[in-house]
Amino acid sequence: MKRLFFILPVIAFAGLAAFLGFGLTQDPKELPSQLIDRPLPEFSLPGIADEPGGGPGLVSASFRGEPRLLNVWASWCAACPQEHPVLERIAAEGFPVYGIAWKDKPEDSRAFLARYGNPYSGMGADFPGRTAIDLGVTGAPETFVVDKKGRVRFKQVGPISPEIWESQIKPMMLQLQAEA
Amino acid sequence: MLAEIGHFALILTLLVATLQAVLPMLGAVRGDAALMAFGRSAAGLQAVLISLSFACLMILFGQADFSVALVANHAALSQPLPYRLAATWGNHEGSMLLWVLVLAIYGAGIARFGNNLRATLQARVLSVQAMISVAFLAFALFTSNPFARLFPVPLDGAELNPLLQDPGLVFHPPLLYLGYVGFSVTFSFAVAALLEGRADPAWARWMRPWVLAAWVPLTLGITLGSFWAYYELGWGGWWFWDPVENASFMPWLLGTALLHSAIVTEKRGSLAGWTILLAILAFSLSLIGTFLVRSGILTSVHAFAVDPERGVFILAMIIGATGTALVLFAARAPMLKSGAMFGSVSRESGLTMNNLLLMALTAVVFLGTFFPVIMEAVSPSNKISVGPPYYNLVFVPLVTPLLLLVTVGPMLAWKRDDLAALGQKILLPLVIVGALLAGLSLWLGLAQVSAALGLALGGWLVLGAALVLVRRWRGAGGFSWRLVRTTPAATIGLVLAHAGLGFTTAGIAAMTSFAAEKILVMRPGETAQAGPVSVTMQGAEEVDGANYRALRARFAVRQNGSERVLVSERRFYTVSRNQTTEAGIGVSVLGNQYIAIGDTQADARGPKGTMGLVVRIYWHPLVGWIWFGGLLMAMGGCASLADRRFRIGAPQVRQSPGAGPLAPNLVPAE
Amino acid sequence: MKRIAFALALALAAPAAVILPAGPAAAVLPDEMLPDAAQEARARALSKNLRCVVCQNQSIDDSDAPLARDLRVLVREQIAKGRSDNEVRDYVVERYGNFVLLKPPFEGDTLLLWAGPFAVLLLGGAGLIVKLRRRPVMTPDAAPLSEAERAELDRLAGPSS
Numbered sequence: 000m001k002r003l004f005f006i007l008p009v010i011a012f013a014g015l016a017a018f019l020g021f022g023l024t025q026d027p028k029e030l031p032s033q034l035i036d037r038p039l040p041e042f043s044l045p046g047i048a049d050e051p052g053g054g055p056g057l058v059s060a061s062f063r064g065e066p067r068l069l070n071v072w073a074s075w076c077a078a079c080p081q082e083h084p085v086l087e088r089i090a091a092e093g094f095p096v097y098g099i100a101w102k103d104k105p106e107d108s109r110a111f112l113a114r115y116g117n118p119y120s121g122m123g124a125d126f127p128g129r130t131a132i133d134l135g136v137t138g139a140p141e142t143f144v145v146d147k148k149g150r151v152r153f154k155q156v157g158p159i160s161p162e163i164w165e166s167q168i169k170p171m172m173l174q175l176q177a178e179a
Numbered sequence: 000m001l002a003e004i005g006h007f008a009l010i011l012t013l014l015v016a017t018l019q020a021v022l023p024m025l026g027a028v029r030g031d032a033a034l035m036a037f038g039r040s041a042a043g044l045q046a047v048l049i050s051l052s053f054a055c056l057m058i059l060f061g062q063a064d065f066s067v068a069l070v071a072n073h074a075a076l077s078q079p080l081p082y083r084l085a086a087t088w089g090n091h092e093g094s095m096l097l098w099v100l101v102l103a104i105y106g107a108g109i110a111r112f113g114n115n116l117r118a119t120l121q122a123r124v125l126s127v128q129a130m131i132s133v134a135f136l137a138f139a140l141f142t143s144n145p146f147a148r149l150f151p152v153p154l155d156g157a158e159l160n161p162l163l164q165d166p167g168l169v170f171h172p173p174l175l176y177l178g179y180v181g182f183s184v185t186f187s188f189a190v191a192a193l194l195e196g197r198a199d200p201a202w203a204r205w206m207r208p209w210v211l212a213a214w215v216p217l218t219l220g221i222t223l224g225s226f227w228a229y230y231e232l233g234w235g236g237w238w239f240w241d242p243v244e245n246a247s248f249m250p251w252l253l254g255t256a257l258l259h260s261a262i263v264t265e266k267r268g269s270l271a272g273w274t275i276l277l278a279i280l281a282f283s284l285s286l287i288g289t290f291l292v293r294s295g296i297l298t299s300v301h302a303f304a305v306d307p308e309r310g311v312f313i314l315a316m317i318i319g320a321t322g323t324a325l326v327l328f329a330a331r332a333p334m335l336k337s338g339a340m341f342g343s344v345s346r347e348s349g350l351t352m353n354n355l356l357l358m359a360l361t362a363v364v365f366l367g368t369f370f371p372v373i374m375e376a377v378s379p380s381n382k383i384s385v386g387p388p389y390y391n392l393v394f395v396p397l398v399t400p401l402l403l404l405v406t407v408g409p410m411l412a413w414k415r416d417d418l419a420a421l422g423q424k425i426l427l428p429l430v431i432v433g434a435l436l437a438g439l440s441l442w443l444g445l446a447q448v449s450a451a452l453g454l455a456l457g458g459w460l461v462l463g464a465a466l467v468l469v470r471r472w473r474g475a476g477g478f479s480w481r482l483v484r485t486t487p488a489a490t491i492g493l494v495l496a497h498a499g500l501g502f503t504t505a506g507i508a509a510m511t512s513f514a515a516e517k518i519l520v521m522r523p524g525e526t527a528q529a530g531p532v533s534v535t536m537q538g539a540e541e542v543d544g545a546n547y548r549a550l551r552a553r554f555a556v557r558q559n560g561s562e563r564v565l566v567s568e569r570r571f572y573t574v575s576r577n578q579t580t581e582a583g584i585g586v587s588v589l590g591n592q593y594i595a596i597g598d599t600q601a602d603a604r605g606p607k608g609t610m611g612l613v614v615r616i617y618w619h620p621l622v623g624w625i626w627f628g629g630l631l632m633a634m635g636g637c638a639s640l641a642d643r644r645f646r647i648g649a650p651q652v653r654q655s656p657g658a659g660p661l662a663p664n665l666v667p668a669e
Numbered sequence: 000m001k002r003i004a005f006a007l008a009l010a011l012a013a014p015a016a017v018i019l020p021a022g023p024a025a026a027v028l029p030d031e032m033l034p035d036a037a038q039e040a041r042a043r044a045l046s047k048n049l050r051c052v053v054c055q056n057q058s059i060d061d062s063d064a065p066l067a068r069d070l071r072v073l074v075r076e077q078i079a080k081g082r083s084d085n086e087v088r089d090y091v092v093e094r095y096g097n098f099v100l101l102k103p104p105f106e107g108d109t110l111l112l113w114a115g116p117f118a119v120l121l122l123g124g125a126g127l128i129v130k131l132r133r134r135p136v137m138t139p140d141a142a143p144l145s146e147a148e149r150a151e152l153d154r155l156a157g158p159s160s
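Chains as they are written, first to last, in numbering that gives the first Met the number 0: chain A, 0 to 179; chain B, 0 to 669; chain C, 0 to 160.
It is possible that part of the hints are untrue.
[As the list claims (entries may be wrong)] With a straight-line Cα cutoff of 27 angstroms, these simulated BS3-like cross-link-like pairs (lysine-lysine) come out:
1) C:Lys80 - B:Lys336
2) B:Lys414 - C:Lys130
3) C:Lys80 - C:Lys130
4) B:Lys382 - A:Lys28
5) A:Lys102 - A:Lys28
6) B:Lys336 - C:Lys102
7) A:Lys28 - C:Lys102
8) C:Lys130 - B:Lys517
9) C:Lys47 - A:Lys28
10) B:Lys382 - C:Lys130
These are calculated hints, taken from the structure and not from any lab test.
Based on the provided sequences and hints, a complete structural model is requested.
See the structure below:
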């Protein structure tokens with residue numbers, strides 16, 4: 000009985016060491032999305048065109064009938080220029096990419112697209128940042144994969160690299176296209 | 000050239016440490032005096048070599064030698080010299096070198112001051128100490144070499160984060176390291192005792208000064224860190240339950256428990272197993288703290304550049320050191336001789352409760368810090384956070400009985416006391432503090448009852464400490480000067496430390512309940528009020544500093560009829576492009592006035608388009624008492640260290656009839 | 000740079016009719032604050048309990064980050080709309096998960112966290128009680144000797160007074 004008390008510390012420590020070791024493989028800042036398998040939150044955003052009202056924007060209701068990528072980006076985001084060529088490639092392959100310009104002035108968004116290219120089939124401007132909060136966005140860029148029924152199926156935190164596209168997202172998109 | 004010398008010295012230190020890890024242990028097992036003596040020489044040599052290496056690094060920083068990568072990354076030409084020097088330990092590699100330096104210095108200390116130790120014990124302690132050194136030296140050399148060169152050599156370096164360019168940074172890490180690393184000595188003592196199979200009062204007596212030697216700087220380091228955060232971060236917070244802060248608090252809590260447990264083992268021979276376990280755990284927590292800061296496993300404002308690979312190495316070290324020690328503990332500790340029995344109402348039982356409460360408190364901080372990591376393994380989709388609300392909810396109910404006990408403990412007799420006698424001694428302070436509590440409740444109003452309780456608790460502690468002296472000084476025939484003059488330093492230590500705890504408690508209670516705040520946009524000539532503090536903005540101007548430009552605002556501050564001028568700055572550092580706020584603080588015994596400015600902003604109240612300055616005004620009652628208490632505690636520890644008993648030679652075993660199984664050289668309990 | 004120049008204008012006490020580009024915000028700013036003091040107090044309390052998800056271990060009340068500011072404004076909007084504290088918290092948790100709560104929820108998963116320290120205390124206390132119970136009786140109240148025993152004692156030790 001007395002022996003038990005003496006062995007307790009070693010056992011507790013072994014458990015702790017296991018957890019710490021596991022913890023090393025995780026990223027403490029990565030936040031799993033709350034939206035997986037849930038409908039895209041409602042939004043109706045103005046566009047970024049140089050006209051009153053911003054021109055045609057983006058509404059959540061339009062995310063129906065085809066799987067789409069929804070990319071949250073900004074002109075001030077350091078990793079977005081790196082991601083942009085990948086998005087252009089995705090668009091060129093025929094997959095629809097839509098964008099939300101997060102906390103960006105329309106003129107800055109336009110300047111960015113003029114400089115780096117425009118892969119987007121549609122764009123909404125979220126200057127107040129409210130839609131981004133509804134999407135649970137914690138930084139730019141983040142990309143959501145939305146299926147035919149308007150449900151979010153996957154969230155990519157950080158830029159999409161060619162590897163991530165080929166190995167994870169592209170197969171997912173193909174599968175979603177084949178879904179009913 | 001210097002970098003290569005430093006690097007080479009580091010390699011030599013590793014070699015010496017390796018020898019020191021093996022040979023003295025061998026000598027202890029074989030009884031070979033020469034091998035055991037080698038341990039002492041090796042410890043001295045290690046200290047010299049690592050000092051040389053560290054000195055080289057500091058000189059490189061002082062000279063702003065950008066051919067060394069570390070210097071280029073943490074020092075700029077415009078950075079003032081003191082902060083270039085302090086930048087030596089303001090980064091991962093340099094701080095690891097500091098770790099090893101302190102480790103070696105303590106090792107040399109054991110060799111130099113421990114000559115009244117049993118030779119075998121000293122040799123074993125030095126060996127274990129060297130094993131720890133070897134692990135950290137290997138870590139530094141193979142994964143975190145501070146002397147790596149950079150080519151091509153840049154013309155200027157990257158500036159140290161301006162938040163760290165502050166006198167506080169110069170002292171805060173070295174003090175903390177003296178604390179963390181100091182517990183390596185007690186760890187070594189514990190492991191040596193397990194290896195020898197003996198943890199008798201003599202062992203505890205030899206170990207106790209080393210506990211204090213670590214505990215005092217750790218207390219000072221934490222106090223300084225809290226004080227520094229208060230005046231540097233711009234809104235008067237003094238503790239945030241950040242993982243790295245917790246990493247320093249946990250060894251402190253267990254170190255306090257160890258200190259008290261060692262007293263019992265020294266005087267009565269009991270709780271030896273407890274003392275050993277606490278010594279192992281205190282240092283393990285130091286190691287886990289190091290792991291926390293550098294591995295990236297938890298986010299923290301304090302974290303160094305994080306690297307999971309380094310984390311693996313440190314985890315391996317922890318498993319090696321703590322795992323081995325705890326296995327040894329499981330195997331050997333049950334065989335240690337049990338100490339004298341004690342009654343359920345006795346000083347021993349009081350100190351055991353003290354141990355338990357401190358361990359529960361450590362568990363609070365530990366669980367709060369590491370639970371997110373555990374949760375992530377157990378249910379990965381449900382990521383949680385643990386912040387101040389948790390700690391405040393759980394820590395406070397557990398610390399309150401402890402604080403009550405602190406005053407009762409010294410009133411208890413050793414071995415066996417009874418409640419009636421205790422009741423008599425407690426009566427007076429209970430009545431006084433009860434009256435204080437009633438008075439405070441009436442004055443503050445019943446809504447503030449928790450504040451009144453906190454303040455009364457502080458009073459309970461200070462009064463209890465004072466009563467220790469009163470009881471000591473009042474001999475059989477009334478007050479006696481002789482008794483005053485012969486008060487042992489250890490008693491003074493107890494009084495100062497416990498009183499210090501009281502001041503800290505009162506300060507925290509006041510800050511929690513009565514702090515006042517006002518945030519608004521101000522223009523020159525306007526006045527605002529926060530609690531009892533009335534502030535009028537006088538004006539603002541632009542000023543230039545050594546490596547920054549600043550907006551400086553002046554305020555006339557009135558309180559209780561007296562007036563002073565406070566100045567606050569918003570600084571913009573040109574090289575790193577960082578911004579900081581320097582607050583204007585008006586200090587007084589009863590509290591601080593605290594003003595911090597922000598940026599300019601449109602003022603909603605004035606005509607459209609007028610600009611004002613964001614101003615935050617605070618009243619912080621009794622906040623200085625928090626750190627004053629910490630200072631008193633550290634002073635108490637120093638007083639205890641100065642006690643004559645620690646400098647008289649080995650304890651004399653006195654055989655007296657009817658004495659307990661142990662308890663040789665007893666000095667009467669304070 | 001522009002900011003400092005405008006501030007200089009402040010020092011001359013001449014109100015300048017210009018609009019500043021928004022700089023990095025310090026934590027709660029006057030322009031975010033609700034006019035109703037009670038509501039503002041609720042907002043502050045809620046903010047202190049919500050984690051800034053892009054920061055290193057700060058609440059949205061303490062953090063400078065733009066997202067923290069957005070969330071502070073959101074919290075105040077919800078309060079102004081009449082939502083209760085729980086509703087506001089749920090609103091944010093729905094979007095960011097339990098991670099955003101600085102006070103972890105009371106649920107089965109977190110039992111160890113909330114009960115652990117008390118368990119340590121109870122376990123240790125139990126150990127102490129067991130140890131104290133096991134000790135030999137320290138002051139045996141000796142029963143007085145019987146006649147026969149006294150006679151035996153006298154025989155062995157000699158008559159006592």
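Checked hints:
A distance of roughly 69 angstroms separates the Cα atoms of Lys80 (chain C) and Lys336 (chain B); the hinted pair therefore is violated under the 27 angstroms criterion. Distance hint between Lys414 (chain B) and Lys130 (chain C) is fulfilled; the C-alpha atoms sit about 14 angstroms from each other, no more than 27 angstroms. Note on Lys80 (chain C) and Lys130 (chain C): the hinted pairing is violated, with a Cα-Cα distance of about 60 angstroms set against a maximum of 27 angstroms. Taking the CA atoms of Lys382 (chain B) and Lys28 (chain A), the gap is about 10 angstroms. The hint holds against a cut of 27 angstroms.
Annotation: proposed proximity of Lys102 (chain A) to Lys28 (chain A) holds, straight-line Cα distance about 22 angstroms (limit 27 angstroms). Taking the CA atoms of Lys336 (chain B) and Lys102 (chain C), the gap is about 45 angstroms. The hint is violated against a cut of 27 angstroms. Of the pairs offered as hints, the one joining Lys28 (chain A) and Lys102 (chain C) holds, with about 18 angstroms between alpha carbons and a cut-off of 27 angstroms not exceeded. Of the pairs offered as hints, the one joining Lys130 (chain C) and Lys517 (chain B) is violated, with about 55 angstroms between alpha carbons and a cut-off of 27 angstroms exceeded.
Between Lys47 (chain C) and Lys28 (chain A), the direct Cα distance comes to roughly 19 angstroms. Compliance with the 27 angstroms bound is thereby established for this hinted pair. Between Lys382 (chain B) and Lys130 (chain C) the alpha-carbon distance is near 41 angstroms, which puts this suggested pair outside the 27 angstroms criterion.
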